[in-house]
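Colleague: Each chain sits in its own coordinate frame; assemble them with the hints.
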Amino acid sequence: MITEYRTYLNPKKVYLPLTDTQSKIANVLVEVGDEVLIGQKVAEKYHGRVKSPILSTVSGEVVGFEERMDRYGKLTDHIVIENDQKNNTIPYPTYSEKATSGQVRKVISEMGLTKIAIDGLYTDLRFDAKSKFVVVNSIFVNEPFLSTDYDFVTQNSEAIADGIDLLNTAANGKTAYVIVDKYMPAEAMEELGKAIVDKNIELIIIDAKKLKGQDYKFIKSLVKETLHFDLLENGVIYTRVQAVKMIHDAVRNGTPPTTRQVSLTGDGLPVNAVYNVRIGTLFAELVEDLGSYTEVENMTLHIGSFLSGIELENDDFAITESVDAINVAEYRLVEEDVCIKCGDCNDVCPAGILPQNIMDAEIRNLSSRIVELNTNECVECGLCTYVCPSKINVLEWVRRGKRRVG
Amino acid sequence: MKFITKKPPIVMNSQRTYKKLFTLHFALIVVAIGTVVIKALSKVPETATYTSLDLAFKALAMLVLASVFSVVIEIFYALSEKNTQKFESYKGFVDPINTGLLIALLLPSTTPFYVLALAVFVGVYIGKLVFGGYGFYIFNPALVGVLFANISFNAQLALTNTPLELLKRAIGGESITFKTAELFLGNYNEIAIGSTSVILLALIFIYLLVTRVIDFRISGTFLITVLVITFGVGYINFYAPGDFSVVLSYVLVNMITGLTVFGAVFLISESVSSPTTRETKIIYAVVIGVFMMMVRTLGSQTEGLVFAILFGNMITPLINRTVKRSNAKMLVRTVIACVVIVLLVTVALGLIVQSRLPEVAAIVGGAF
Chain A
0 MITEYRTYLN
10 PKKVYLPLTD
20 TQSKIANVLV
30 EVGDEVLIGQ
40 KVAEKYHGRV
50 KSPILSTVSG
60 EVVGFEERMD
70 RYGKLTDHIV
80 IENDQKNNTI
90 PYPTYSEKAT
100 SGQVRKVISE
110 MGLTKIAIDG
120 LYTDLRFDAK
130 SKFVVVNSIF
140 VNEPFLSTDY
150 DFVTQNSEAI
160 ADGIDLLNTA
170 ANGKTAYVIV
180 DKYMPAEAME
190 ELGKAIVDKN
200 IELIIIDAKK
210 LKGQDYKFIK
220 SLVKETLHFD
230 LLENGVIYTR
240 VQAVKMIHDA
250 VRNGTPPTTR
260 QVSLTGDGLP
270 VNAVYNVRIG
280 TLFAELVEDL
290 GSYTEVENMT
300 LHIGSFLSGI
310 ELENDDFAIT
320 ESVDAINVAE
330 YRLVEEDVCI
340 KCGDCNDVCP
350 AGILPQNIMD
360 AEIRNLSSRI
370 VELNTNECVE
380 CGLCTYVCPS
390 KINVLEWVRR
400 GKRRVG
Chain B
0 MKFITKKPPI
10 VMNSQRTYKK
20 LFTLHFALIV
30 VAIGTVVIKA
40 LSKVPETATY
50 TSLDLAFKAL
60 AMLVLASVFS
70 VVIEIFYALS
80 EKNTQKFESY
90 KGFVDPINTG
100 LLIALLLPST
110 TPFYVLALAV
120 FVGVYIGKLV
130 FGGYGFYIFN
140 PALVGVLFAN
150 ISFNAQLALT
160 NTPLELLKRA
170 IGGESITFKT
180 AELFLGNYNE
190 IAIGSTSVIL
200 LALIFIYLLV
210 TRVIDFRISG
220 TFLITVLVIT
230 FGVGYINFYA
240 PGDFSVVLSY
250 VLVNMITGLT
260 VFGAVFLISE
270 SVSSPTTRET
280 KIIYAVVIGV
290 FMMMVRTLGS
300 QTEGLVFAIL
310 FGNMITPLIN
320 RTVKRSNAKM
330 LVRTVIACVV
340 IVLLVTVALG
350 LIVQSRLPEV
360 AAIVGGAF
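Protein chains in written order, with numbering that gives the first Met the number 0: chain A, 0 to 405; chain B, 0 to 367.
Nothing false has been slipped in among the hints.
Just the calculated beta-carbon pair ranges, DEER-fashion:
1. R355/B x L365/A: 45 to 51 Å
2. V333/A x L330/B: 28 to 34 Å
3. E334/A x V43/B: 45 to 51 Å
4. L365/A x T83/B: 31 to 37 Å
5. A239/B x V337/A: 52 to 58 Å
6. A185/A x N82/B: 53 to 59 Å
7. R211/B x E66/A: 49 to 55 Å
8. Y4/A x N82/B: 52 to 58 Å
9. E376/A x M313/B: 30 to 36 Å
10. K216/A x V43/B: 58 to 64 Å
11. L365/A x L343/B: 32 to 38 Å
12. V331/B x S146/A: 37 to 43 Å
13. Y4/A x T321/B: 54 to 60 Å
14. I137/B x K73/A: 43 to 49 Å
Simulated from the structure, these hints should not be mistaken for lab results.
Here the structure is a predicted model, which means the values were calculated and not measured.
Here a beta-carbon is modelled for each residue, glycine too, at the ideal position from N, C-alpha and C.
This is chain B alone, in the form it adopts within the complex (with noise of 0.2 Å):
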């Protein structure tokens, strides 16, 4: 018998890292399955030569070969390290089956795979090990990989009449008609196959908030931005005198189709490429937003969420080293900068968006 010491504090939490990690993978593969099970049981145009089971298929192919090659590749990685030690036990794999599915997930139902594949690649071997693994990168590997094969592989990942490129469309002047159920049931040509079923997603964002897998501070933050924002714009854009309901279908389109939901929950509040204290996030978090809505309704992109988290990955460093403290002073101060921002950004994107600003700076200008 002996005594070993250590420094105190001796105890700690029940809280763990690799905990944490779990549950972010079930609630991945509940996702993932889910998303399989839409497929199969979707309504595919008549015309077409293929059946709901074809798309269900390609979809579980897609996830399981970008798992089976992330893990290829941290294997491959670790070989070459000589410390395989890691993957004794199934703690080591699961943090390269998230970033395999959170890939596959984000990727259209088009993709070939050989794109898949090589988005794996980049996300894994340039995103992820070359910081140093798991705790270390500065940007999220999952949308590394995904900026790449979407910026590549334009082409093959084409898509027509996404619910978000019928609203700009439809800004510019055309008349569409969106059926609310149908976007609720994920009947629509998505963006990405994990993206659809918004009812399972919520259940799920519901599910981490209450294990504090995710932080709700940045990503309830972010839907209410791009709630305040998409309702300022539509407000602006297509009020009709007590009329209400475009403007709801504009706020609904933009919620629940589109990568919104599906960023809240899996990518926003990673917490290892976001910043650490309430302030911080909370302006992680309305940048973000506001960013994904300057590129939705300025640019040329439909989808501006994975832009707008890289380029909040990118601030995290910079906005980390500004904070020295954390009391309600400037807690409070960082809500008032951030809500005015919201706010001001939302009527500068609505008179954009309607070319009036031209019209309202004139009038500003005249006052002085």
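This is chain A alone, in the form it adopts within the complex (with noise of 0.2 Å):
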């Protein structure tokens, strides 16, 4: 339950790590001592010929090159800036009305807006020849704990609207999606009506209290053919309303993404709150600034969604664009049974595949027969695991097997 809405814009320093789980080489541009400014390329890094850049996010100076933890748990390079609290930044060109699908695509490769919702099935924001869906998810789809936040929605709802059709008229799609919740407040799904009028933009109404991976059957009624782990195989650009209105703040007023929204929650906290943020700040910081940790004595720190996200042993990350949720909560023994063979995740599995069969066929270490069940098919949505009423986890099994088979 969010209670609050914070800013913590001005950290002493900011880390910006050189490398994520994609790119793995980066070429620094600045040296230690120099001075930069908000928006200034300090970096790039390189996924094969895709280039994107790391821009700094405070004005001020370089300081040094740390190798800490980043926030998938891995080792990397951070350069660290130290902020003057100037906030001078650098000009970028803003477009008006009519921004072709180029200049659109040219802005998010040269602010580095490619990863911004990577939880689930969201993919990166690339453009190619193959692209050609554009779906927009407003709330949390297959998230059971993780409440929207509709005031953004409410407050944003022109901006959210024209960042859906500059990201539609960047993948050169014909109409744009935008997934709802049937049961959002009146006043957010009546303010996001208004602003997709006379857009491209349809509205895709679903029960969000239903875990069934609607957002998913959705998109493949959309492509009518078998989905990819990663959806821009099949032509579809997926993300969040938070990328979308990066977006349209990008294009159309020049800010480079410097700023995030992030939801701190779970009982590990004093207070749940949803933070204004710098990218690039410490998490640590921000547990200092609503107080600190409750008094628990085993917690765990879970970054993303619950599904999908990912799990950390240390707290000592820096916070980056692709964050949107934090959740510190007390640890849980949940206790494994045996598989009682209900057939729930066979049901529930959104890709068709059958995930207990799956994790039968990898216990008894039958690769042909992982083969002959189409596990490749399957995109971690983690929908299986949420329905076992043993709570096993099958897809780590699946996991597993994916892994065998190659």
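Modeller: What follows is the structure, given as structure tokens:
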């Protein structure tokens, strides 16, 4: 339950990771002692031929390079920039009403907006000849516990609608789709409905209380073919409203992505709050701003969606643009029972494969059977584990099967 | 303070296996109490030397003995394995008691206690513990015990004038009338003590469906299959122009007496020994329904459900191995195939009962 809205925009130092899960090579463009401005390119990272920049999120001096844990739990080099609190910004070009497809693509790649929503089925914002569908999610589908921030939708409905339109322009798509909840507040729905008039945007109304992978099913009915693990292969760009808002700001106002909304939840924290935070801030500083952790012996720290996020063993990491929610909760042991073969996981699987049978084959080391069961079509949504009454981590077994057969 | 990690997804829903077991436990206890009450209220023949309270006490003693003996066997097994941790809370006792109650409910009230004890031993030890306990067995343990008792102690468990037996004689040519109200109230020679209270079983059926302990795709398909086949066989054999009463009483006797409803509620949808995908669940239920009706109409046994479900358990690994994925196309295909099979079986059974199959075969053969 979110109780507060807070801002934390002036950290003393920011830490910007040079690599991520995909881009493993980085080319640093600054040296220790250089003065940088907000939005200045400090490094470039490469994923194959795709080059994406790392922008400074504060103005100040580069004080060094440090090896520390990033939000994926891996050790990476970080650029450390000391904030001089002057907030001098590099001017970026702005585009008026008629931004072309090429211009929007250029802004997105120049401002490093490719990786904003990464949990679950969300894709990077990369465009190629295949791109034709744009799907934007305004709620947490398949997400039992993170409550959606509807105030964000209400306040920024115009920007969101415009951002979707820009994204659609960039992807050369016909119609863009926005997924909304049947039971969302009438106010938010109304504002969104007003904003999307006269634009090629269609509302897809689903019931978010039922965890059945409805977004996946909708996209499947859209593309009419087997979905890949990465939806970009199917020509689908699937992202969240926060990313769309950032694109709107970047294209229309020339604002580089330097702040991010992060929701901090869980009983390990004294207050559950939505933070407007500077990218690169250490998470420990946010906890200090909130007070401290509650007095709990064993805790879990979970980043991102509950079904497809990751857990860290250390709170010493910096917020990046892809962090949307952090949960700190008391560790609760759930005992695993034997599989009673109820078949709930087979029923819920949105990809139409059979997790229980794959798990059975994996336990028995039957590689040919794992191939036969189309294990490679798994999209790792986590619903099979969510519905399991015996609390078996079915997804982990399916992952092992995938790894076994390549 | 320290951070503990585990692999995502970390959040699970509120369904728990032991909660399902507890719900089933509750339902079984309700049925057991209902059985005892019905026994106490039932009418006994005037020539009999026992009262209805004696019957009720016999039923109660059977239920208690079976559950206690089942628990004792499991505890001895746990002691021999040096793993008694399970029995520290009531959770560990739920499954043994369920099996014991099921075995007692599936045997007639004339069962001697030593037969009951042997049935429980075979069911729990050979049917369940040998395979590794709850979650690992391939045959429904209660049915293994009951089948053992039915085959080995045929004379001790012999029953006369059960409705299904009367029905078989009626097909042979005798004229027998059934009173519908008596059938619903359970006032007849029943094949098992648990199967009499149809109204109670129907309520329990709805309760278990709502709490998602049993699957409508299995139990419902099974009941529909039995309904269609009995209606077809009845229509072919007993239909007089404009008079459906005989057909309806044939359907009623097959549906509400015997183990049909009891099996649909407690036995056929038992999750461990049944298939896991929706297509195979439908196939499984149809196979059991067809097999049961074949035994009932053609076989020497009057009740075929025990054989049918054990046969279904037997083919479960096979049909589990045939599916590769689950999608709408496969579901439609399965449903159409099942409907065709059920209709063909209905016609064939009806004609066989009427001894007209050779005639029909001759006509069909003559066409070529």
